[in-house]
Amino acid sequence: MDGPPMDGFGRLADTFFNAEVAARYWPDILAGVWITIGLGIAVSIAGLAFGVALAILRAMQRPWLALPIIAFADIMRALPPLVIIIVFFFAFPLIGISMSAFMSTWLALTLVLAAYAEESVWGGILSLPRGQSEAARSTGLTWGQTMSAVVLPQAFRVALPPLTNRVIAVSKNVALGSVVALSEVLNNAQSATSTAGNPTPLTMAAAAYLAIFIPAMLFARRLETRMQWRV
Amino acid sequence: MTAPPILELAMLELVGLRKAYGSLEVLRGIDLRVHPGEMVCVVGPSGSGKSSMLRCCNRLEESTGGQVVVDGVDITKPGVDINTVRQRIGMVFQQFNLYPHLTALGNVTLALRKVQNKPGPEAEKLGLAALERVGLADKAHAHPAQLSGGQQQRVAIARAIVLEPKLMLFDEPTSALDPETVGEVLKVMRELRESGMTMLVVTHEMGFARAAADRVIFMDAGAIVEEGPPAEVFGAPKHDRTRAFLARYTGGH
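Which chain is which? The protein sequence lines are A and B, in order. Just so you know, we're using my numbering here: the first sequence kicks off at 1 and counts up by one. Just so you know, we're using my numbering here: the second sequence kicks off at 1 and counts up by one.
Keep in mind that the hints were calculated from the coordinates and are not lab data. Model, not experiment: these values are computed from the prediction. Be a bit skeptical, because a hint or two may be false.
Said to hold, decoys possible - Reference excerpt, derived from the structure (chain A facing chain B, CB under 8 Å, subset only):
id, residue
1, ALA91
2, PRO93
3, GLN154
To be verified - Calculated from the model, a selection of chain A residues having no Cβ within reach of chain B, i.e. all distances over 12 Å:
id, residue
4, MET6
5, ALA19
6, TRP34
7, MET60
8, VAL87
9, ILE97
10, LEU141
11, SER191
12, SER194
13, PHE219
Every residue gets a Cβ at the ideal spot worked out from N, C-alpha and C, and that includes glycine.
Excised from the complex, chain B in its bound form (with noise of 0.2 Å):
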């Protein structure tokens, strides 16, 4: 893919993030864009910043410094309403993190119904078509106990996107599956590209990076050590600790 004109808004921006607890900085000034439609991979080993990255894009965790800019809006300003930026930033746990008393369809429309004030019926009916959208409309009345792990993590992407996020974030989306579900899972995240959204996955899945993403990050030590198309950073490596770290995960495989 080409790289976007410099001057499109990105759809997601970070500018010098930084994330610290007392003196253990776990991010040290990540710069990175993310263009509407574009899908960035991030791997890298554990503790080395990726998910903590993701989770201060919305605030899940809180930046100890730089910025975070959704859509044009630098949502650590003081005074931003946070839940009202959420709802434009879908996310997906590599735990699936779906309410065990709700239905399929009860965790989907949640939202909808508490935050967007949507009557039942309607709350429903985009709730059934985003359970549709992951394959998994005949279960929307089953409880996620019921479900497989797949599955799961399908209704929690459809509880994301059913808000019509700007963004989705990925956090290790298929590292508690099993193997034989994490197709299905990589299927439905394939698809949500296809359909132009904007996605940002940090993921241990190098062959789903290699494939789908158009661009793939490299992090190490809360910071980015290399970045580019995914041909670029798997097949000619730049740096020795990306060539290190996949060498590990090539060598396993």
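So here's chain A without its partners, still in its complex pose (with noise of 0.2 Å):
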């Protein structure tokens, strides 16, 4: 770089916050960004909904299927996602499985968001007192209305804290994906910060990632404030 000789502050915009170096890359960034988001969502809704599912099976208190969802959930829980990735990616089409990048993040993702998703929605199945379904029954309600009338409701509302908690940092985890080259943001960062010479798009995906998980914490606190509201 030409020019005058630069102080401290300078030499740190100038190395990572660099404006020309930004505006050549923000396209690649943008296009992270959506990945990222577009994976988190997906992840959020499939994992959600496959650990609710879980919990409620849990909940029909039959043992054969409840000793391999415990399993699954300690198993998925104890398991770094960075491993399930690279098993999903690099193992399984050696046994004739293959996955792109994209659905071997969203499936391990979505797996282990359900392992902790059970384990929190079954606490919340727990820790309601037994006379909830046992007067909801009393009244005809069958055992699945009573679930999803009376118990899960409530369960839910305990559940959410930590549930709102898991979801954020899962979705975060998107970013493990660029071990697959999955183009989300920070493997496009990372891309771009070797051809560029220079980690100004390490500092936007930082900004792309404030931008994303900030109003979702935002949200996640609205909706753990409204729940306890009504009480």
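Could you use the hints to bring the two separately framed chains together as a complex?
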């Protein structure tokens, strides 16, 4: 770079907040943002739905159903999500199951979120006094009606704070998809950084994460206070 | 009250009802008939099996032997649609068990909407009428947490009677209440009795049982020890165990 010598702040600005580099690479970052948002939403929806379904199955109190669910939840919570992504992307093709980077990241994170969601919702179900479902059953509601109208609405309220935390934490892990060359924000930023020889794209990636997740957190907080209010 | 004629169909009939958890027998062959319009109070020490007996009457607990005949139907038979049967048997619990996420009206109308598929406006009309009967129409839109214990229990009674049951089961309905709210719940129960409802009431309120019951059952150790009109059971108990139990209660007051 030509020009007059720069002080420390000038160098910092030139290295991490370089307008020229930013202008050149922002389309790449933006493309990554859409992947991250899309995958984050897809993981949240599928993971929550699957996790809630598992919690409901576990509530049926059949050991042959409950034991595999407990095993699944424990294994998925114990393994690093990175390992699961790598297994789906690199190991599964060897047994004839090939998945795109998007697919393997989505599937891995969905299973992880489902495991946590199952535990949270199950905890919520367990926290209810038995009298709640007994009262509902005594008025003729079926098991399923009792579940959907009485048990789950209350279990969700208990489970909501851990659920929202986990949804955000797992969605953030979309960045792990960079190991299987998924073109999400962080991966695109890293490639741009190497090409440009300047880390400004990483700064942009950080800004993109803040822009995505701070609104998500605010929304989660609003949801939590709204739900508490209605006791 | 004179005994109903023997041929009259009982609203509730327990025949040799047994309940055991493994080798622990909590009900050792209960025979009991409750006639239409009758209010029977069940008293006895804790652990005597009163609540288990009551909970077998709508199969919240499954009996391990004997029959439960409600309005002529043996509900312990396989193939009985228990959810249909339960709409005809109201139950009121010690802990009220109102749904905290619904309003009083929501609590009362839930089964109307979900089980009987009544449209919203009709369910609300019936629900309000039931709340009116327990004197709480003005609290229709309050959540349970905003109501006193006595009010919650009255909503719970409304939730049961809105389905127009033929039989009401009360499981220690006033045991979890502050003393000052016991009276309002007993008053609602008395009114229900006067309207002709058939009621089986497990209670520790000896004064209420004595004043309002048609018949009192004293249970101990999973069996009926003594039964008769309240004046007899309370005034001249025949069995030592009844006397000992009543002495503890009346002595304490």
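query = Are there hints from earlier that the structure breaks, and if so, what are their numbers?
reply = 1, 2, 10
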